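K.L.:
Chains as they are written, first to last, in our numbering: chain A, 1 to 505; chain B, 1 to 164; chain C, 1 to 313.
These are calculated hints, taken from the structure and not from any lab test.
Keep in mind it's a predicted model, so treat the numbers as computed, not measured.
Glycine included, each C-beta is placed from N, C-alpha and C at the ideal position.
There may be inaccurate statements among the hints.
No more than 27 Å apart at the CA atoms, straight line, and that leaves these computed lysine-lysine pairs for DSSO-like [said to hold, decoys possible]:
id : chain 1 : residue 1 : chain 2 : residue 2
1  : C       : Lys-137   : C       : Lys-268
2  : B       : Lys-122   : A       : Lys-383
3  : C       : Lys-207   : A       : Lys-137
4  : B       : Lys-122   : A       : Lys-389
Beyond 10 Å from chain B on every Cβ pair, some chain C residues (computed) [to be verified]:
id : residue
5  : Val-56
6  : Asn-173
7  : Tyr-285
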Amino acid sequence: MGAFDFLLQGLATAAEPMMLLYALIGVTLGTAVGVLPGIGPALTVALLLPVTYRLDAAGSLIMFAGIYYGGMYGGSTTSILLNTPGESASIITALEGNKMARKGRGGPALATAAIGSFIAGLIATLLLAFLAPSIVKVALVFGPREYFALMVLAFVTVSAAFGDSALRGLTSLFLGLALACVGIDQLTGQARLSFGVPELLDGIEVTTMAVAMFAVGEALFIAGQRNVQADEVTAVKGSIWMSRADWARSWKPWLRGTFLGFPIGAMPAGGAEIGTFLSYATEKKLTKHPEEFGEGAIEGVAGPEAANNASAAGTLVPLLTLGLPTSATAAIMLAGFQQFGLQPGPLLFATNPTLVWGLIASLLIANAMLLVLNLPMIGLWVKLLTVPKPWLYAGILLFATLGTIGANPSSFELGMLLAFGVLGYVMRLFGYPIAPIVVGLILGPMAEQQLRRALSISQGDWTTLVQSPIAAVLLGIAALALIVPLILRARGKGQVLSQLAGDED
Amino acid sequence: MTSPEPQNQRRRDTAALVVAAGLAVIAGVMLWDSARLADLGGYSGVGPASVPRVVAFGLLGLSLWTVIAALKGDFPERPAQNVPPVLWIIAGLAAQLLLLHVTGFSIATGVLFAFTARAFGKTNLAMTLPIGIVFAFAVWAVFSQLLMLHLPAGPLEHLLFPGA
Amino acid sequence: MKQFVLASLFAGALAMPAMADYTIIAPANPGGGWDQTARTMQTVMQEEGISPSAQVQNVPGAGGTIGLAQFASQNKGNADALIVGGYVMVGAILTNNSPVSLKDVTPIARLTGEYEAIVVPAASPIQDMKGLVEALKADPGAVSWAGGSAGGTDHIAVGLIAKAAGVDPTKINYIAYSGGGEALAAILGNQVTAGVSSLGEFDAQIKAGTLRLLAVSSPERIEGVDAPTLKEAGLDVELQNWRMVAAAPGLSDEQKAKVTADVEKMVKSENWQKQLSDKGWADTYLSGADFDAQLEKDVTSTEAVLKDIGLVK
Numbered sequence: 001m002g003a004f005d006f007l008l009q010g011l012a013t014a015a016e017p018m019m020l021l022y023a024l025i026g027v028t029l030g031t032a033v034g035v036l037p038g039i040g041p042a043l044t045v046a047l048l049l050p051v052t053y054r055l056d057a058a059g060s061l062i063m064f065a066g067i068y069y070g071g072m073y074g075g076s077t078t079s080i081l082l083n084t085p086g087e088s089a090s091i092i093t094a095l096e097g098n099k100m101a102r103k104g105r106g107g108p109a110l111a112t113a114a115i116g117s118f119i120a121g122l123i124a125t126l127l128l129a130f131l132a133p134s135i136v137k138v139a140l141v142f143g144p145r146e147y148f149a150l151m152v153l154a155f156v157t158v159s160a161a162f163g164d165s166a167l168r169g170l171t172s173l174f175l176g177l178a179l180a181c182v183g184i185d186q187l188t189g190q191a192r193l194s195f196g197v198p199e200l201l202d203g204i205e206v207t208t209m210a211v212a213m214f215a216v217g218e219a220l221f222i223a224g225q226r227n228v229q230a231d232e233v234t235a236v237k238g239s240i241w242m243s244r245a246d247w248a249r250s251w252k253p254w255l256r257g258t259f260l261g262f263p264i265g266a267m268p269a270g271g272a273e274i275g276t277f278l279s280y281a282t283e284k285k286l287t288k289h290p291e292e293f294g295e296g297a298i299e300g301v302a303g304p305e306a307a308n309n310a311s312a313a314g315t316l317v318p319l320l321t322l323g324l325p326t327s328a329t330a331a332i333m334l335a336g337f338q339q340f341g342l343q344p345g346p347l348l349f350a351t352n353p354t355l356v357w358g359l360i361a362s363l364l365i366a367n368a369m370l371l372v373l374n375l376p377m378i379g380l381w382v383k384l385l386t387v388p389k390p391w392l393y394a395g396i397l398l399f400a401t402l403g404t405i406g407a408n409p410s411s412f413e414l415g416m417l418l419a420f421g422v423l424g425y426v427m428r429l430f431g432y433p434i435a436p437i438v439v440g441l442i443l444g445p446m447a448e449q450q451l452r453r454a455l456s457i458s459q460g461d462w463t464t465l466v467q468s469p470i471a472a473v474l475l476g477i478a479a480l481a482l483i484v485p486l487i488l489r490a491r492g493k494g495q496v497l498s499q500l501a502g503d504e505d
Numbered sequence: 001m002t003s004p005e006p007q008n009q010r011r012r013d014t015a016a017l018v019v020a021a022g023l024a025v026i027a028g029v030m031l032w033d034s035a036r037l038a039d040l041g042g043y044s045g046v047g048p049a050s051v052p053r054v055v056a057f058g059l060l061g062l063s064l065w066t067v068i069a070a071l072k073g074d075f076p077e078r079p080a081q082n083v084p085p086v087l088w089i090i091a092g093l094a095a096q097l098l099l100l101h102v103t104g105f106s107i108a109t110g111v112l113f114a115f116t117a118r119a120f121g122k123t124n125l126a127m128t129l130p131i132g133i134v135f136a137f138a139v140w141a142v143f144s145q146l147l148m149l150h151l152p153a154g155p156l157e158h159l160l161f162p163g164a
Numbered sequence: 001m002k003q004f005v006l007a008s009l010f011a012g013a014l015a016m017p018a019m020a021d022y023t024i025i026a027p028a029n030p031g032g033g034w035d036q037t038a039r040t041m042q043t044v045m046q047e048e049g050i051s052p053s054a055q056v057q058n059v060p061g062a063g064g065t066i067g068l069a070q071f072a073s074q075n076k077g078n079a080d081a082l083i084v085g086g087y088v089m090v091g092a093i094l095t096n097n098s099p100v101s102l103k104d105v106t107p108i109a110r111l112t113g114e115y116e117a118i119v120v121p122a123a124s125p126i127q128d129m130k131g132l133v134e135a136l137k138a139d140p141g142a143v144s145w146a147g148g149s150a151g152g153t154d155h156i157a158v159g160l161i162a163k164a165a166g167v168d169p170t171k172i173n174y175i176a177y178s179g180g181g182e183a184l185a186a187i188l189g190n191q192v193t194a195g196v197s198s199l200g201e202f203d204a205q206i207k208a209g210t211l212r213l214l215a216v217s218s219p220e221r222i223e224g225v226d227a228p229t230l231k232e233a234g235l236d237v238e239l240q241n242w243r244m245v246a247a248a249p250g251l252s253d254e255q256k257a258k259v260t261a262d263v264e265k266m267v268k269s270e271n272w273q274k275q276l277s278d279k280g281w282a283d284t285y286l287s288g289a290d291f292d293a294q295l296e297k298d299v300t301s302t303e304a305v306l307k308d309i310g311l312v313k
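Build the full structure now, drawing on both the sequences and the hints.
P.N.:
Take a look at the structure:
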């Protein structure tokens with residue numbers, strides 16, 4: 001039996017009414033928990049995994065797939081509507097998505113996120129099914145120096161989220177890098193900037209920081225505004241559905257996001273966030289409406305959301321083919337697979353085809369179910385914006401703290417939430433962009449560790465960084481992305497790239 | 001955008017100077033901390049203290065840049081702030097933090113809920129506090145009992161769910 | 001069928017506890033070994049009726065020492081609180097100068113354990129442990145080892161190997177990775193000379209022929225594993241990365257006996273055994289005075305090697 005027959009057989013099983021019901025329950029539960037700020041897909045799957053134990057193998061597999069995709073998708077809804085990312089991979093979505101929602105375009109933003117996620121999930125799952133063994137070979141070529149080069153490229157692209165001032169964007173980024181130094185140094189076990197406080201030894205939790213910066217900081221800022229009219233949010237303006245123009249502007253970002261997110265997700269140290277950063281920067285470069293970026297450009301939602309979902313499927317490549325759990329979510333999924341008697345590894349596709357293809361069919365069905373559940377819900381979600389402010393923000397803070405408490409019920413963590421919330425407020429007050437500080441916190445440790453690993457392997461020889469062709473090419477692209485705008489600006493062609501050359505002090 | 005802000009070129013921005021000082025202080029703390037780290041660079045030549053030093057010098061540079069920008073009056077106008085609502089929310093978060101392990105999730109979070117509503121204009125705490133507690137309790141019940149999320153329980157939770 | 005779905009969803013709510021239930025602290029984030037151990041305990045205890053609504057609570061941080069400190073201070077005399085821990089904690093307590101140690105809780109039993117495996121990529125010219133040791137002696141810096149976090153079991157294993165081979169342990173070129181997965185990718189991608197991790201992490205790759213297993217850290221050969229022990233290879237090293245469960249400090253002897261009996265009932269259940277074999281964990285159950293003695297021995301030897309590597313002063 002060929003791969004295709006196995007897939008058809010899996011799909012036939014997964015399309016039975018009972019199975020569809022399980023998929024629906026899984027997607028609903030996953031979305032409901034994943035939508036909470038601070039509860040990312042890892043905790044969602046860990047919490048809900050026991051629910052699936054009570055079903056038979058096929059049923060639990062499909063419910064599990066539903067929970068996984070539901071948890072991944074849930075984060076974007078609050079990101080768009082409430083400027084409160086549920087997890088680190090939907091931070092970028094908040095940049096443009098929330099601006100759209102405030103202008104009454106929450107419907108199209110949610111729709112492009114949902115459809116983009118679906119398309120990305122569909123393509124990426126099929127790529128996973130048919131190309132996983134070859135993709136993983138390419139991913140393994142990436143060693144520390146290649147990852148370092150990738151991080152450098154990601155750093156350069158952060159400048160796309162700097163807003164209108166290079167000074168304030170860089171300051172925000174460096175604050176994030178400073179915070180990233182807190183905690184035990186991965187490579188030597190030395191405690192840095194922890195001042196003897198044991199809670200600081202593990203560093204600053206990215207989700208706590210993101211929820212504080214976005215949700216708490218935002219609530220404080222809105223509450224402090226004297227001129228209430230200035231921040232009036234329009235719930236719905238025009239259609240809640242995507243217009244013809246929206247479609248035309250979304251489909252390319254969906255595809256580009258998919259092809260950026262999937263390979264990076266498949267890399268053992270890639271991470272879902274990096275794909276979203278690169279996708280956002282790409283869309284900002286390619287768009288025909290550069291003036292809308294920062295004001296609610298639909299491309300800035302469509303691309304990163306597709307990248308996020310594609311990388312979720314990408315994570316399954318090393319997991320299924322190598323048994324490599326490359327993220328917390330993947331580690332929990334590995335535990336889940338083992339529950340179903342699925343032993344991921346190089347021989348999995350050969351020894352256990354029925355279950356693998358059953359899983360892939362389940363992922364496809366769950367992905368479709370997500371769309372079925374979420375498109376009709378958009379009308380309801382958008383109504384969330386019509387909730388009077390006192391109740392809306394009281395509710396946001398309730399759920400934001402619930403997420404933090406559920407993940408780690410220590411007073412210290414709540415204290416950090418408050419402290420960073422105030423920092424987020426002050427930064428908003430002075431016009432500092434929020435995204436770079438969170439990005440710095442995520443990328444900083446990755447870049448530092450990969451650099452030091454690369455140098456350790458080469459025994460201190462810095463030329464190792466450009467000796468691998470992949471690393472050299474990636475660093476070259478990063479250098480071009482940095483230098484070309486400067487040259488263009490010097491030649492007086494700066495207007496086109498004004499967003500990169502923001503500060504003209 | 002590329003247009004410099006023309007208004008009051010020589011307006012000195014004290015708050016921005018405070019920000020610059022803050023950045024310099026952070027840089028100082030990082031340099032001080034990195035000085036006491038053992039040099040365990042090993043074969044890489046880049047030890048645990050190297051990156052914090054680079055970041056600290058970056059922050060010092062940005063601090064200087066901020067001073068220049070502040071003296072030139074290049075910082076944007078801050079929107080006028082209404083301080084009491086901000087303090088209400090901070091107080092709500094602090095109250096939740098302090099009460100959480102004493103009174104349990106529902107009451108502590110109910111206080112946060114009511115204070116936040118207060119910040120946005122619902123001043124009647126006698127009404128918002130009970131609403132907040134009931135709502136928080138419902139959330140607690142769903143997440144801790146149905147989804148097995150571990151959330152701190154207090155007297156109220158123990159009363160209605162004796163096993164919690 | 002529909003009823004069954006509803007029942008399964010609401011089972012958590014309906015199974016209201018009639019007796020005291022265990023709260024199991026996993027001193028790590030969801031996904032890691034301790035979290036999985038805690039959640040497996042939860043499932044088995046629920047299904048075996050030992051504790052119908054046992055809960056798991058994650059208290060992540062600093063190699064488990066934050067969870068341990070919180071557990072020890074908040075649960076004095078509370079016989080319903082359990083914490084999962086393991087060998088990594090022994091090292092973390094030392095490297096982090098943790099004020100709370102395993103002496104401040106009541107260790108109940110060792111549950112599972114894994115031995116360390118030393119591997120090289122299939123393409124490596126190194127054929128056996130002897131070849132690796134020779135390379136190490138010739139130029140310790142040129143032999144890069146990929147493994148888990150600094151000061152963890154894998155790092156300790158490399159330190160012990162170097163010491164046994166007569167190489168200065170401070171000279172090892174150890175590349176720490178945050179998780180077993182990332183380290184494995186680096187080994188498979190031929191980025192490093194050798195890799196050290198739990199045998200289970202490498203098992204599938206060894207069977208598929210992409211990694212070459214040089215030696216294992218068990219006292220005797222492991223059944224079904226075609227590799228010598230480190231002792232056979234002439235290196236006096238023996239190391240088990242175990243996971244245990246401990247109870248709160250200040251328990252009476254009766255309380256301790258009850259917890260031990262509950263844990264034993266769980267370990268002896270068919271359900272637990274099935275979970276272990278599903279996950280590929282070895283049953284290394286050990287309780288009472290034997291476990292206490294083993295723990296004491298591990299703490300002493302770990303402290304010595306961490307000093308040798310230079311991580312503990």
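K.L.:
With the threshold set at 27 Å, check whether the alpha-carbon distance from Lys-137/C to Lys-268/C stays at or below it.
P.N.:
Cα-Cα ~46 Å, so violated.
K.L.:
Between Lys-207/C and Lys-137/A, is the straight-line Cα distance small enough, at 27 Å or below?
P.N.:
Roughly 18 Å between the alpha carbons, so the hint for Lys-207/C and Lys-137/A holds.
K.L.:
Is Lys-122/B within 27 Å of Lys-383/A, Cα to Cα?
P.N.:
holds, 21 Å
K.L.:
Would the non-interface assignment of Tyr-285/C survive a Cβ cutoff of 10 Å against chain B?
P.N.:
holds, 26 Å
K.L.:
Taking the closest pair, is the beta carbon of Val-56/C still more than 10 Å from chain B?
P.N.:
violated, 7 Å
K.L.:
Taking only the CA atoms, is the gap from Lys-122/B to Lys-389/A under or equal to 27 Å?
P.N.:
The given pair, whose Cα atoms are some 10 Å apart, holds under the 27 Å limit.
K.L.:
Taking 10 Å as the cut and beta carbons as the points, is Asn-173/C off the interface with chain B?
P.N.:
violated, 5 Å
Checked against the numbered hints given earlier, this structure breaks hints 1, 5 and 6; the rest are met.
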